[in-house]
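Sequences listed follow chains A and B, in order. Mapped onto the numbering used here, the consecutive letters of the first sequence carry residue numbers 1 to 275. Mapped onto the numbering used here, the consecutive letters of the second sequence carry residue numbers 1001 to 1275.
Derived from the structure by calculation, the hints contain no laboratory data. Glycine included, each C-beta is placed from N, C-alpha and C at the ideal position. Any given hint might turn out to be false.
Estimated spans, in silico, between C-beta atoms of each pair [said to hold, decoys possible]: (1) Gln1254(B) to Gly128(A): 20 to 26 Å; (2) Asn69(A) to Gln1221(B): 54 to 60 Å; (3) Glu52(A) to Pro1163(B): 35 to 41 Å; (4) His68(A) to Gly1199(B): 21 to 27 Å; (5) Asp140(A) to Gln1254(B): 50 to 56 Å; (6) Gln1221(B) to Gly199(A): 56 to 62 Å; (7) Ser1258(B) to Lys224(A): 22 to 28 Å; (8) Ile1177(B) to Glu204(A): 37 to 43 Å; (9) Asn257(A) to Leu1066(B): 38 to 44 Å; (10) Ser1174(B) to Arg28(A): 40 to 46 Å; (11) Lys200(A) to Asn1239(B): 33 to 39 Å; (12) Asp1086(B) to His271(A): 42 to 48 Å; (13) Ala1109(B) to Met260(A): 32 to 38 Å; (14) Gln1254(B) to Asn257(A): 49 to 55 Å.
Computed footprint of chain A on chain B, listed as stretches where at least three residues anywhere in the stretch have a Cβ under 8 Å from a Cβ of chain A [said to hold, decoys possible]: (15) 1162 to 1170; (16) 1203 to 1209.
Protein chains: 2
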Amino acid sequence: MKEDIRQAPIGVFDSGVGGLTVAREIMRQIPKERIVYFGDTARVPYGNKSKETITRFSEQIARFLLSHNVKTIVVACNTASAYALDTLEKELDVPIIGVVRPGAKMALAKTRNGKVGVIGTEATIGSGIYDAYIREVRTDAVIYGKACPLFVPLVEEGLWEDPVTEEIARRYLSELIDLDIDTLILGCTHYPLIRSVIGKIMGEDVTLINPAYETAIELKQMLKERDLLNDVEPALGSNPYQFYVSDGAEKFKQFANSIMKYGVLSTKTIHIEDY
Amino acid sequence: MKEDIRQAPIGVFDSGVGGLTVAREIMRQIPKERIVYFGDTARVPYGNKSKETITRFSEQIARFLLSHNVKTIVVACNTASAYALDTLEKELDVPIIGVVRPGAKMALAKTRNGKVGVIGTEATIGSGIYDAYIREVRTDAVIYGKACPLFVPLVEEGLWEDPVTEEIARRYLSELIDLDIDTLILGCTHYPLIRSVIGKIMGEDVTLINPAYETAIELKQMLKERDLLNDVEPALGSNPYQFYVSDGAEKFKQFANSIMKYGVLSTKTIHIEDY
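All chains, please: the whole structure from these sequences, using the hints.
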């Protein structure tokens, strides 16, 4: 019997651990799905690298995920979504979802005054992609982008609720407060982990948007429309979530288990440049 | 006529821009030498990655430098020196110099009480390599290592003399002060750029060791002993310093010109994984 494509796994990738915030939303919202996650920990971070390089890396990763027969690919990294999504969509036969469009959509639904802030890596902000998506729908919207390059190292160092993180956040965010935005997109998958610091500085009147949440909703919707939703519960002990990295499997596993409800049982290291 | 090997360039590599602090010492101390510099900006940083990955990256870079007919290779990165030097020495026919042994040698010459601190990346500190080199010579020495993972992003963000950098440095360094060290090795090529902050916290009684300086001295000595020193002044307009990176040539050039006395005229991007 031909294997049912609906039972094939969803491929999810990121430059490292940040995309786990997207993977955990997928696990919450569509718990019957299998996932193959890849984190490019040998080449992390992506946020200060060029479009050409990020695209080449993303193509290698897509080939790796396809070798696991994934039915769709989620680009769970804002930088890769900003730079490589178009190319992947053209090159691949499976449907691709990034985190930028869902985040932009949610910001559009939430903003009242049309003034939206976006924080992210240098690459994501430099690409102007949130701006483009939002103004496609609402031409009078005004988007203010701000790169926050120290947030990723601060998160990875575990300083999630620390005076230093607050001080740095205050420097990055004060200009956005002055600009009277009412909505702020957390345009990097690491940022939800310091959501409370960001929220404290921005104040209660600013809605924080976590694109991970909306991405999982769009993914579910897309799978449904294409009759790709898995309706078979994973068998007990079948390990529905597989994790791969390009370096440091043990460290990745530790971090993953610190933010995931589901136990990350094992992580394998592969040579991504061979794909 | 056979080309004189003494006029061949010196290969210098690092994970990114940090090794430029070593390159500029070489330029100062042996100004007649040509240099081919490679910064692995597509895969930077190395400091939190594994030995296996750093070794594989270093081997690719060595092959690239040899394709430029370098007469020797300087591993201008503490992490790569800690993890990959042994392997490169075994595999290559040209002499190799790292930054760790020269730094350790200088610390031995400077310490009075035999209590030496080393700061560096997680990988460098985790390797225990400074410890091993120093105690090879002075068995009663006591080495205290401290990983400072936020220093590199803070330096790259340009916060060289900033209250945040001071606060982070105070956290990392306070335990070393309590341990009564009299010598501190700056075991990462980025750290000389925040030397003044580190010096302020450690106080005047602690000697700061910059391995870049001693590395250039050892390099000169080694070239002399092997009759490899170049005694021919580079011709005017011959561009004796060539820079290559794996990503972001323009950004690299800007940074380089901010810390180098010699103008970095051009930088080329190459695909390092093809080597």
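Inset, instruction - Identify every previously stated hint that the structure contradicts and give their numbers, smallest first. - result: 4, 5, 7, 11, 12, 13, 14, 16
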